[in-house]
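Line order of the protein sequences matches chains L and X. With the first letter of the first sequence counted as 1, position 24 gets the number 24 in this note's numbering; the numbers rise by one all the way through. With the first letter of the second sequence counted as 1, position 81 gets the number 1081 in this note's numbering; the numbers rise by one all the way through.
FYI, nobody ran anything at the bench for these hints, they're computed from the structure. We treat Cβ as the ideally placed atom computed from N, Cα and C, and that holds for glycine. Mixed in with the good hints, there may be bad ones.
[As the list claims (entries may be wrong)] Now the in silico label distances, taken between C-beta atoms and shown as ranges:
1) Q1014/X with A72/L: 35 to 41 angstroms
2) T1110/X with L74/L: 28 to 34 angstroms
3) E1059/X with E52/L: 41 to 47 angstroms
4) E1056/X with P86/L: 26 to 32 angstroms
5) G53/L with K1068/X: 32 to 38 angstroms
[Claimed, not checked] Straight line, CA to CA, 35 angstroms or less: simulated DSBU-like cross-link-like pairs of lysine-lysine:
6) K1057/X with K1015/X
7) K41/L with K1005/X
8) K66/L with K1057/X
[Unchecked claim] Facing chain L, a subset of chain X residues (Cβ under 8 angstroms, in silico):
9) G1041
10) A1049
11) K1058
12) G1060
13) R1061
14) E1105
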Amino acid sequence: GAVVSQHPSWVICKSGTSVKIECRSLDFQATTMFWYRQFPKQSLMLMATSNEGSKATYEQGVEKDKFLINHASLTLSTLTVTSAHPEDSSFYICSVAGYGYTFGSGTRLTVV
Amino acid sequence: QQQVKQSPQSLIVQKGGISIINCAYENTAFDYFPWYQQFPGKGPALLIAIRPDVSEKKEGRFTISFNKSAKQFSLHIMDSQPGDSATYFCAASEETSGSRLTFGEGTQLTVNP
């Protein structure tokens, strides 16, 4: 599978601020990337599908204006959580589609 | 149509025993069935995957059994070790069309020494 790098691994931010999470495909040109959210002891919940050079496709119930996704190149997709609130605290994981699906190491976001 | 049902929710096995986790799917268009292992605070890591043209795949201590007619697949972990204690997710996708993975609910495996 591809090698995927996700940063940061954890971040703490104040309520009302924005946080950007990066997902890089290091050895594979990723046309499609996926962003997931995972709450403790739960499965991964798909938030959006990110396609290079086009708008992301968001799952039902996910606020596209709150969770901004940019996939400007074949190696980088970013997720920006805008005006973060404590309820946005979660574990965010990206995935690259290609030779199967490879996941990043995840980002633990805590909003205080 | 898009659901993948996974059981059990949790599993406790003694060291050296066999761990068995089961999944069932509904969408007959699924053509890729991976299993992921996830440790706390980490992203899921691919353990083993199977496609519907074979009924079994083995890699080391891990075996996937696949029953296309029953739309079920299972993960067997032989000689389970304490280091195998993690959460396991089955998943399915229409990989050839580049579609997303549909995940099972997860199984928390604990292997006691």
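Item to check | Non-conforming hints, listed in increasing numerical order | outcome: Result: hints 1, 2, 3, 4, 8, 11, 12 and 13 break, sorted rising.
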